[in-house]
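J.: Residue-level listing of the chains:
There are 2 protein chains.
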Amino acid sequence: MAELASLADPALKRALADAAAIVGVALDTLLPESEGPEARLDQAMRYAALGGGKRLRAFLVMQSAGLFAVNPTCAARVGAAVEMLHAYSLVHDDLPSMDNDDLRRGKPSTHRAFDEATAILAGDALQARAFEVLAEPDTHADPQVRAELVLAFAAAVGPRGMVGGQMIDMLAEGQALTAPEVTRLQAMKTGRLIYFSAEAGAILGRASTAQRHALAHFGRELGAAFQIADDLLDTEASTEQMGKTAGKDQEAGKATLVAILGPERARAQAERLAEQAASHLEPFGERADLLRALARYVVERGA
Amino acid sequence: MAELASLADPALKRALADAAAIVGVALDTLLPESEGPEARLDQAMRYAALGGGKRLRAFLVMQSAGLFAVNPTCAARVGAAVEMLHAYSLVHDDLPSMDNDDLRRGKPSTHRAFDEATAILAGDALQARAFEVLAEPDTHADPQVRAELVLAFAAAVGPRGMVGGQMIDMLAEGQALTAPEVTRLQAMKTGRLIYFSAEAGAILGRASTAQRHALAHFGRELGAAFQIADDLLDTEASTEQMGKTAGKDQEAGKATLVAILGPERARAQAERLAEQAASHLEPFGERADLLRALARYVVERGA
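For the record, the sequence lines run as chains A and B.
Each residue of the first sequence is one higher than the one before, starting from 1 at the first, in the working numbering.
Each residue of the second sequence is one higher than the one before, starting from 1 at the first, in the working numbering.
Possibly wrong hints are sitting among the right ones.
Chain B side only, calculated, beta carbon under 7 Å to chain A, not exhaustive [to be verified]:
id: 1; residue: Pro37
id: 2; residue: Ser97
id: 3; residue: Met98
id: 4; residue: Ala117
id: 5; residue: Gln144
id: 6; residue: Gly158
id: 7; residue: Pro159
id: 8; residue: Gly164
Because the hints were derived from the structure by calculation, they are not lab data.
Yeah, the Cβ is synthetic: ideal placement off N, Cα and C, and Gly gets one too.
Excised from the complex, chain A in its bound form:
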């Protein structure tokens, strides 16, 4: 990790930090704390959504939107919606009846900091609020764009996307999955939202179908590379470095490509996927250089 700091592209590091700061401000504004007795819900939503994280998904939205000269304030709103959705998925994944994890981003997970009922409701409310933000006129003046964002987002996070992937993941615990089965599971569970994040800029920018597909393909392969790198980290890093319980996927008998292929072949596959991802960016020339650097970064951060 220390090595990474010196290897990492300084422009990427700066851009990631900038995006994280911008989306943090957006989340703070979009998730106000109310005066009523329901304030506890707002507190739990803010605890889950504002508690740090790399904001990789928001960065993707903002970078892909930048390719089409989208108003950065609009892109930041979509980035914030994606981060709300991601936060809700972590809150529910950490619940006792799911992964039963007490630690998230170096802090007690939401059901530990509050209680189980509040955590379930905070996740539910974050999902609703994410959809609301996408549909608000401030996100884009054209209702066609807003409706398309909602539609693509719902497809990414619903039963054929993220939640379906989480269902398969729960059922797969202790089962021997094949590499294609694991790949499909992860494409649904984490890949689809990353895919949407890359695609969102094209939707916001009313890009051509070809451009939208190029970004979607970039997002798909980036998401797959990211998942393998994350699984490598889980086996190699300590809990302190991770900010969440390390080694727990192995312990829970979770199927990962690292377990099936071994770390070396898994790392080679992640690198191949990251290169493939970057190849889809060709039409965008050097304006996509930060996205290319991101593809390298996601596979190198575990080194």
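With chain A's structure known, arrange chain B on it following the hints.
T.: What follows is chain B alone, placed relative to chain A:
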């Protein structure tokens, strides 16, 4: 009242049954069962959403849409989305860390029929799918209408609406709430989705602001009347009649207007609210007769 009720009752009963059948078919189509390992999620979603229920909310959508000659297939899709959302809210409310209820609509609740993790995910997926259906072009050709539906729906079911109300309800257990506090809680927890259901027809029908407000006010007061009637039923009916555990709100120390005002004053208030609700329908003439009959029905069904 009694005279009108006896005139309208058979027509209302028929219309309610028709709407329930139509929305049942729509839900069956909109929630297909997949082939993959995630089929368990689809099964749980279908179990929760297709398991009967009065379909009052879908009826409201379809009736209010009928005032503006909206294509009934479009209205049924919005009705189905509302019922998906309602089903998800019941699945999560019944969870052990919430109301811990084993019985719903005369059957084991979803976490009893499946398991807790599957129930949480089925609720999450039903919420995403509800938003997706609203944003799909089949729901309305005009993206402005679809974006408005999503926006109004999100406001109804998010932290300032349904989920916020459920949070207050959880916190209020065993607390002595005042009548205005209970009224506000219930307006959020159950009222907002009923309000949206009445308003949805006006959005679909691109009605005037005045017409949209009239239906929203109708929905608001109908929702309040409905909640009091439901609480009266809870104190009076048996578990068998209810299809869910009767008397449990009292046992859990849940604040209701019935507990605060006593059954007689609560019933009088429900009747007053139902009359107020109906008064907003005046501009729609006799085309709103079934909605008027519904306002009477919701307060009479507990008698």
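J.: If a hint holds in the structure, say so; if it doesn't, say that too.
T.: Each hint tested on the structure:
Interface restraint check for proline 37 (chain B): the shortest CB-CB distance to chain A comes to about 5 Å, inside 7 Å, so the restraint holds. The interface hint given for serine 97 (chain B) is met, as the beta carbon of that residue sits about 4 Å from the closest beta carbon of chain A, less than 7 Å. The restraint placing methionine 98 (chain B) at the interface with chain A holds, with a minimum CB-CB distance near 5 Å, inside the 7 Å limit. Contact between alanine 117 (chain B) and chain A, as hinted, is supported at the beta carbon level, the nearest pair being about 5 Å apart and thus within 7 Å.
With its C-beta approaching chain A no nearer than about 4 Å, glutamine 144 (chain B) sits inside the 7 Å limit, and its interface hint holds. A least Cβ separation of about 4 Å between glycine 158 (chain B) and chain A falls short of the 7 Å threshold, and the interface hint therefore holds. Taking 7 Å as the C-beta contact cut-off toward chain A, the hint placing proline 159 (chain B) at the interface holds, the least distance being around 4 Å. Nearest Cβ of chain A to the Cβ of glycine 164 (chain B): about 4 Å, under the 7 Å cut. The hint holds.
When the structure is compared with the earlier hints, no violation turns up for any of them.
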